[in-house]
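S.K.: Guided by the hints, dock chain G onto chain C, whose structure is given.
Protein chains in written order, with this note's numbering: chain C, 6 to 282; chain G, 131 to 404.
Because the hints were derived from the structure by calculation, they are not lab data. Here the structure is a predicted model, which is why all the values come from computation and not from measurement. Glycine included, every Cβ here is placed at the ideal spot set by N, Cα and C. Treat the hints loosely; a few may be bogus.
[What the hints assert, rightly or not] One-sided excerpt, in silico: chain C residues whose CB lies under 10 Å from chain G:
1. Leu218
2. His236
3. Lys281
[Stated by the list, open to error] The following residues of chain C were derived to be distant from chain G, with all beta-carbon distances above 12 Å:
4. Val24
5. Phe60
6. Gly75
7. Ile77
8. Lys210
9. Pro217
10. Val274
11. Lys275
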Amino acid sequence: MAKLILSMDGLVLKEIPLVKERTTIGRKPHNDIQIDNLAVSGEHAVIVTIMNDSFLEDLGSTNGTMVNGGTIKKHFLQSNDVIELGKYKLKYIAEAAHPVGASAADFEKTMVLRPSAIKAATEQARATASPTSTVPSAEGSLPQRRSEMAEATRAAAAQQVASAAVSAGTASRPELAPAPAVAQAPKPTQPLGAIQILSGGNAGKELELTKPLTTLGKPGTQVAVLTRRPHGYFITHVEGTQHPQVNGQSIGSTPHALKDHDVIEIAGVKMEFFLKG
Amino acid sequence: MDLSNALEIASSTDPGMVRSHNEDAVASDAAHGIAVLADGMGGYNAGEVASGMATTMIASELARALGRARPYEIDSKTDCPVAERLLREQVLSANASIYHAAQSQPQYAGMGTTLVTCLFYDNRVMVAHLGDSRLYRLRGEEFEQLTRDHSLLQEQIDSGLLTVEQAKTAQHKNLVTRALGIDLGIEPEIHEYPSKPGDIYLLCSDGLCDMVSDEDIGMALQALGTNLNLAAQQLVQMANDNGGRDNVSVILVRVLREYPAARGVMARFFAWLK
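So that you can see chain C by itself, here it is in the shape it has in the complex:
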């Protein structure tokens, strides 16, 4: 749940969860957040919270409402926005990206954006994007014609779609969380392996096994692959009637874990596997 942190001169006074749809701020006692200071108007501002989004609106206060240093009439609150009322500051903290009890994996499940959900979300986005508000840039570019459900609209709708999709009854999760950086393979932590050729024309040559997989042998005759995995190097037979040998033993067709100083024989060539540094 989103919350506000009230502070003055850097001193935190209290935390206020945004539980109500309308949270009023002002000097008079009937306000949800009462700030007893003459610089604050009787009914100063209101925060409207719809699902996971909150909007701040100035209620025609005498001294105005500032967000992040700029005076606003209406504002779509984003996490860490600082609202200033006189000497008081209210910091807006959006709902945590990972609500308690939900694992990160749940958020990555594939889900579908239905046209109806997109439409609902777009309308929601349009309804909230009033001309004076400082909405995120993507939302500012809403195309006017609904029939042209342009990509920009969908992109704009993205933030709202998750919640709208739920109400539209699709198989989806209410909140989006950052997905892990993709294709960023966690770097294997094991030491770098290498092979040194012991026999044949290339004897003495050394080959570092930096790639996830390295093939060895003669295509069409006998090929084996050395794979680099998080827990070590493995050798696997790929093609050919002969299977590779490790320390004089045939490995068959299943992957075989390599140990430091193992001697491999592929297509009549002997080589030594070793770990560097």
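M.R.: Relative to the frame of chain C, chain G by itself:
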């Protein structure tokens, strides 16, 4: 026409390292030149139901439809090969079945699935897809993605809101804009490519391409293409070694030789003898 000596097919599917269920499903039929891969979504086991229905229905019904038809002929109504009509019909009928199951059974409400399906015929491959399951092709040294995801991310990339680099760390990778079984009015994207002997086609779910870079996938196919089963296992293993956050499924299809359609009466007779 039996394509089992022109195509070699290997597949592998794995729940990954994090998920307990495997919501992916694969089906293939080398004799009819069919490969189908689906990545289901929906609560409890509904995702598995949707992807399972999609793969079994499309693989079996398409094979049956092909038995009677000549896929290479140009359909007079649509000006497209008959294969395209058959493929579209089967995708739409699977869509209707999943949709009606989801409507009639509360536990399946909202289920759906992505789909990528290939039909090999007459030295060509026709691909239909919905969502973010992909088809790649390795031809010689060149490894490229043939399908374009129906996903929010891809649309943002296309409209210039995100660069490919930004997309790699974007938040909503998992939002697809088209899927099977969600709506009756779906439109699969269908394309056709000429195939060549030696080509290797890779159908995969996002569990592979989200975890392993295209470069590494291409390298694995190039290195292990001669042993298709090993290559399929290797791809799944690479995804799992990198974290395996999602179900991982791959189908590999290698074109061994040319497979022109037997057009004349004599040709069909010889094809039947083979």
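S.K.: Taking the hints in turn, state whether each one holds.
M.R.: Against the structure, the hints come out as follows:
1. Restraint check, Leu218/C versus chain G: the minimum CB separation of about 5 Å is within 10 Å; hint holds.
2. The criterion of a C-beta within 10 Å of any C-beta in chain G is met by His236/C, whose closest approach is roughly 9 Å, and the hint holds.
3. Hint status for Lys281/C relative to chain G: violated, with the closest Cβ pair at about 20 Å, above 10 Å.
4. The Cβ of Val24/C lies farther than 12 Å from every Cβ of chain G, with a closest approach of about 26 Å, so its non-interface assignment holds.
5. Distance check on Phe60/C: its Cβ is at least 22 Å (rounded) from any Cβ of chain G, clearing the 12 Å threshold; non-interface status holds.
6. The beta carbon of Gly75/C sits about 25 Å from the closest Cβ of chain G, which is more than 12 Å, so the claim that it is off the interface holds.
7. Residue-level check passed: Ile77/C sits 25 Å from the nearest beta carbon of chain G, beyond 12 Å.
8. Listed as outside the interface, Lys210/C is consistent with that label: its C-beta sits roughly 19 Å from the nearest C-beta of chain G, beyond the 12 Å cut-off.
9. At roughly 6 Å from the closest C-beta of chain G, the C-beta of Pro217/C falls inside 12 Å, breaking its exclusion from the interface.
10. Remark: the non-interface label on Val274/C is consistent with the geometry, its nearest Cβ contact in chain G lying 18 Å away (cut-off 12 Å).
11. No Cβ of chain G approaches the Cβ of Lys275/C within 12 Å, the least distance being about 21 Å, so the stated non-interface status holds.
Comparing the model with each numbered hint stated earlier shows that hints 3, 9 do not hold.
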